[in-house]
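Chemist: With the hints as extra help, turn the sequences into a complete structure.
The listed protein sequences derive, respectively, from chains A and B.
Heads up: the first sequence begins at 1 in the working numbering, then just goes up one per residue.
Heads up: the second sequence begins at 1001 in the working numbering, then just goes up one per residue.
No lab work stands behind these hints: they were computed from the structure.
If we take Cβ atoms under 8 Å as the criterion, some of the chain B residues that face chain A in the derived model are:
#: 1; residue: Pro-1003
#: 2; residue: Leu-1012
#: 3; residue: Ser-1019
#: 4; residue: Gly-1020
#: 5; residue: Val-1029
#: 6; residue: Met-1032
#: 7; residue: Glu-1035
#: 8; residue: Leu-1036
#: 9; residue: Val-1046
#: 10; residue: Thr-1047
#: 11; residue: Met-1051
#: 12; residue: Asn-1054
#: 13; residue: Phe-1062
#: 14; residue: Ala-1070
#: 15; residue: Val-1074
#: 16; residue: Ala-1077
Note that beta-carbon positions come from the ideal geometry of N, C-alpha and C, so glycine has one too.
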Amino acid sequence: MTSSGEAVQFWILAVIAVGGALGMLLMRKAVHSALCLAATMLALAVCYLAQGAVFLGVVQIVVYTGAIMMLFLFVVMLVGVTTADSLKEQLKGQRIAAVFCGLGFGVLLIAGIANARLSHFTGLAEANAEGNAQGLARLIFTKYVWAFELTGALLITAAIGAMVLTHREHVKTPRTQRELAAQRVKDNIQLPPLPAPGVYARHNAVDVPGLLPDGTVAEDSVMATLRERGQIRDVSPQMIRRMAELESTTADWLGRPPSARPPVTGPRKALETVPKKAAPRQAAPKQEEDEA
Amino acid sequence: MNPVNYLYLAALLFTIGASGVLIRRNAIVLFMCVELMLNASNLALVTFSRMHGNLDGQIIAFFTMVVAAAEVVVGLAIIVSIFRTRHSASVDDSNLMKL
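Modeler: This is the structure:
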């Protein structure tokens, strides 16, 4: 029999552990499953600590919750974060059968434990007399030293195996920048840099295409992703005038002074050539005010 | 409270893990279920160690943890390499042994 404190602790931890395990089983997203499993592992670590296995409790937190669950989360982020579990059954009735198998197995296990004669608990007070970690170390390095050495071999094999499995061979050597440039010249599609977006248009946002000298849209100036999605903004004169009207009504509503309003631009006119002898020096700051 | 309750908890967790292996389709979640089963057996081993008053059970639980760590490393590497070739983490999709 144990103290009532341990009983209270056990029931709280058991609820957390079973809840976490069920959550892991029932959550559809792998990330949620991983977090539920981490909660279960933490509850189990406290169970170990309560049972006198201090070293194992700490190792459980450090190795399982710290290392293994983080590894799981890394792989979930790499692989499975978009792939929710499919509910389609490949074998008909397999899920129902699995649930029944699980229930039967659980009943069998629990009935087996209930039938065993487990009345006497020695407790670890004597075995832990010189400290839990010291006692474990004594056993590991004397009685179980051979198994311990094999563990080292296993870990090295696992590390090498993981490296071999995730290593990717290049089928051919990756092309260098010089080769890519030579290829561009050879293909003769676009030698200079691509035009920048929005330079000659009203806005300089990335989805506003630049305009060519004749007023048509330069599709190259918008990045390929937006082009693929069809998210190029319409910059026809009508659209721009509508936007300017919208902005001016907003300015009216906000009570902005006329100098703070964006200019209303019409359709593009031909470029005006500035007379050479005109433009005295005093006119320059005034012009800036007009533009503002 | 009788410490046997820890064994019942371990049995329950092992059962949930085993059912999860049968029910779930995502290879990563399948692996998590295997980890849960290993954890449940660890809890049982720690309880047995307390029952018998010696530390051998805890040693075996320690070795189980080491093996579980090695298993997770290799298993997740296999899952990642399968995902690279198949673009799927579902165990239903990989029905051929060759990559």
